[in-house]
Amino acid sequence: MADLKILAEQLARLYAENPKVDGVLLGGSVSRGWQDRYSDIELLVFWNEPPADEERKTPINKSKGTVLDFHPYEDEEWSETYITEGVKLEISNFLTATIQRSITDTVELFDTNPETQCIAAAIQYGSPLTGESLINGMKRRGHDYPDGLRRAVIRANVNFGSRWSNREALLYRKDLLMLHRVMADAETKIMSILFALNRQYIVHPGFKWQRNSLEGMAIKPENIEGRMESVFLGNPQDAIKILEEIIREVFILIGKEIPDMDLSEAIIQTGRVRPRNDSR
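According to our numbering, the sequence shown holds residues 2 to 281 in order.
Just so you know, these hints were derived from the structure itself, not from any lab.
Quick reminder that beta carbons are idealized off the backbone N, C-alpha and C, glycines included.
What you were told as hints is all true, and nothing was included just to trick you.
Pairs of lysine-lysine, DSS-like flavour, derived with a Cα cap of 27 Å:
hint, residue 1, residue 2
1, 6, 140
2, 242, 175
3, 65, 21
4, 21, 89
5, 242, 257
6, 242, 209
7, 221, 242
8, 21, 63
9, 209, 221
10, 6, 209
11, 58, 21
12, 140, 221
13, 89, 6
14, 209, 140
15, 21, 140
Derived CB-CB ranges, DEER-like:
hint, residue 1, residue 2, range
16, 110, 87, 38 to 44 Å
17, 110, 216, 27 to 33 Å
18, 212, 105, 28 to 34 Å
19, 65, 172, 50 to 56 Å
20, 18, 257, 48 to 54 Å
21, 145, 254, 17 to 23 Å
22, 185, 253, 20 to 26 Å
Model the full assembly from the supplied sequences, consistent with the hints where possible.
Pasting the structure below:
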């Protein structure tokens, strides 16, 4: 397997040749030592001015890369994907000002959007390859996970929604596609709450690297890694019971960590199930 960090450093130097580049950050699994045989290199490139298409293509051409995707400016990002030396590269280009504003949204305005948190997570857990002073300054801004964000994320996720109350009906009808969506939504909320309880930024909007993330948490239900995985690997009836148990345990953890947070309505709502009409 190629040494992905060395290749990332080489590519970062190519980007840094452009004076409009303020810094390059290595993100994703490689920056955290989670890489495997399927891992690619994720680079965040910070620009002080909007990059032209040719400026984005220059490092690709110099590294003899083959472009897979090349997207225009969208959602405050320019992105491209290419392969060089047999390794896939995913590049996210941002204006430096955009990143600074995103950090503000997370640590000062307590934005609970996982997409926004992922920027803070990439900065906090990533490795600066160039522009160390700038990136380390960003890291300092997000170093202390705010109590306000912790509470906001938990409040946004303790209500498991009306679809969760349909779980027994979906199981009875064998509506397995919808049931699995409901279970996935429940796991997503559980993960969001656990990230907040542990004062960790959500690392991926789709909760990629679930086991790795859970293993790095101190505040969590017992054997949560295996139990969360078993939800999608075993019998759906057992899976629902497992999720119900985990949710109860998560509420207990919230009560211990934030005793002044009123969970009474959330507990009642989460325990509800759709009424049965056995007489008909």
